[in-house]
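**Student:** Build the full structure now, drawing on both the sequences and the hints.
Be aware that the sequence shown starts at 20, since it is given in this note's numbering, and climbs by one per residue.
Note that these hints are calculated values from the structure, not bench results.
Hints should not be assumed to be uniformly reliable.
Label-pair restraints from in silico Cβ distances [stated by the list, open to error]:
no., residue 1, residue 2, range
1, 444, 321, 11 to 21 angstroms
2, 57, 124, 19 to 29 angstroms
3, 181, 57, 58 to 68 angstroms
4, 92, 279, 53 to 63 angstroms
5, 475, 279, 49 to 59 angstroms
6, 171, 71, 20 to 30 angstroms
7, 387, 224, 23 to 33 angstroms
8, 321, 484, 43 to 53 angstroms
9, 224, 127, 20 to 30 angstroms
10, 167, 110, 17 to 27 angstroms
11, 412, 168, 27 to 37 angstroms
12, 108, 191, 26 to 36 angstroms
Even for Gly, the Cβ is constructed at its ideal location relative to N, Cα and C.
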Amino acid sequence: MASQTGTPTATAATYPTTATLLQAVTAVRVKNNNTVSAGTATVGTPNATTGTVSGSLNFKTTGTTTPTYTVTTQPTYGTVTVNSNGTFTYTPTQFARDLSAVSANQNTATFTALASSGSATASETVTVPVLATTINGDSTAALQDVFSNLAPGSTLTMAAKTFYHSGIVQITVAGLTINGNGSTLQATNDATSSVQILADNVSVSNMTFGANLTGPRYYGMAQHKLVIEGNHDSVRNVTINGSAGAGVFVYGAGWFNLSGITVNNSRADGIHMTNGSHDGVVSDSVTNNTGDDGFAVVSYIPDGKICYNITVNNPVVNGTTGGRGISVVGGQNITYNNIKVSNTDVAGVYIAAEPSYNTMGVNGVTINGGTVTGANRNPNVVHGAILVYAGNPGQTVTNVTIENLSVSATATTAQRQLGLILENGATASNINFTNISLDKSSLITLYTNAPRSSYTVSGILIGGVPTQV
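**Tutor:** Structure (structure tokens):
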């Protein structure tokens, strides 16, 4: 300050002490009290029309920051939206609803939501019901949706019920495993009654495929009850109850495996393999009252593909209203083991190249072990119990061995037990009938018009007595 006299005077500066500094500078910690944790979601019931499901996530939060919500994992089939207040809506796809209707255990959907409040986060997994498509009678659309849109390699366990289908149903996704779980796919329209496995590596088991038990015979792919066209397909423990055409129709398939198949009342063959089908095994299967052959391997010249490398183990044929018990009508390296054939319309065993159906020749067929009982009951057709027939011009039947069979009760009108017939310039060679036991009858043991050099006969028993033929 200036002196009264106007002369400036010096004044000493003063500073706060250290203690005063510490008291004046005080640290203030601002606490973040926002927390979030998972709660128990509230889930409503599906809308009866749309199938949508609404609910609330119910996260537990504290603090002043309003939480935000994100769906981090959507349902496999459908979408979830979450509102700012934590409520949600699940909208299923039509496929999700069809899958819920067809499957035994895929009637829920799951999604994961994340809640964030400041730096705090928590997640919550919510399961919602999927309203099944209402099926009033016909299931064709729902079945086809499921069989066409499942993820490759997935597994479907069917609901244990009967599904009626008026149209063809096709399995088009590779690698599916379908456990029928006792279900039935029942066709209602003969003209479009087929179920078709078109993809590779498909496994079908534990189910029944049905069609009308009576009606005219059909011949098209759309009418064979179960068609197999893929490679490495497997069918196990399946029953065919009725078919407008063949019961099982294997068409150009490779490396297939059929086991425990029962075919009842097909209007054509029970199990038919054709169009170059190859490297397949059929085991422990039964045909009952088929309209044509029980088991057949057939190769047609117009198809341009011969069937090969097929083995049929333990086939049982219980009656045919037309056709043979087991047959190879064009094929290479075909084997039937331990056959049980009874009450066939014509031959119990038939190996041939046919002119009437323009089939290929035969090279390498073995029929090994089993029984043929009550063959050739049709008095208007003379086949005998076992017939090898080369009748298609330019085709050869060769390298055929029929052995270790017991033959009994062949119809007297069959005229013979064994036959080897050549017609129309077709040829046969290396045909072998070995170790065949025949019951006593008035029938000719072997009728043939083939050169003696083309066949052998050995180990024939008639009524238990060795017999030279």
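**Student:** Against this structure, judge whether each hint is valid.
**Tutor:** These are the hints, each one checked on the structure:
{"no.": "1", "hint": "444 x 321: 11 to 21 angstroms", "verdict": "holds (20 angstroms)"}
{"no.": "2", "hint": "57 x 124: 19 to 29 angstroms", "verdict": "holds (26 angstroms)"}
{"no.": "3", "hint": "181 x 57: 58 to 68 angstroms", "verdict": "violated (43 angstroms)"}
{"no.": "4", "hint": "92 x 279: 53 to 63 angstroms", "verdict": "violated (40 angstroms)"}
{"no.": "5", "hint": "475 x 279: 49 to 59 angstroms", "verdict": "violated (36 angstroms)"}
{"no.": "6", "hint": "171 x 71: 20 to 30 angstroms", "verdict": "holds (29 angstroms)"}
{"no.": "7", "hint": "387 x 224: 23 to 33 angstroms", "verdict": "holds (28 angstroms)"}
{"no.": "8", "hint": "321 x 484: 43 to 53 angstroms", "verdict": "holds (47 angstroms)"}
{"no.": "9", "hint": "224 x 127: 20 to 30 angstroms", "verdict": "holds (24 angstroms)"}
{"no.": "10", "hint": "167 x 110: 17 to 27 angstroms", "verdict": "holds (21 angstroms)"}
{"no.": "11", "hint": "412 x 168: 27 to 37 angstroms", "verdict": "violated (50 angstroms)"}
{"no.": "12", "hint": "108 x 191: 26 to 36 angstroms", "verdict": "holds (32 angstroms)"}
The structure fails to meet hints 3, 4, 5, 11 from the earlier list, while all remaining hints are met.
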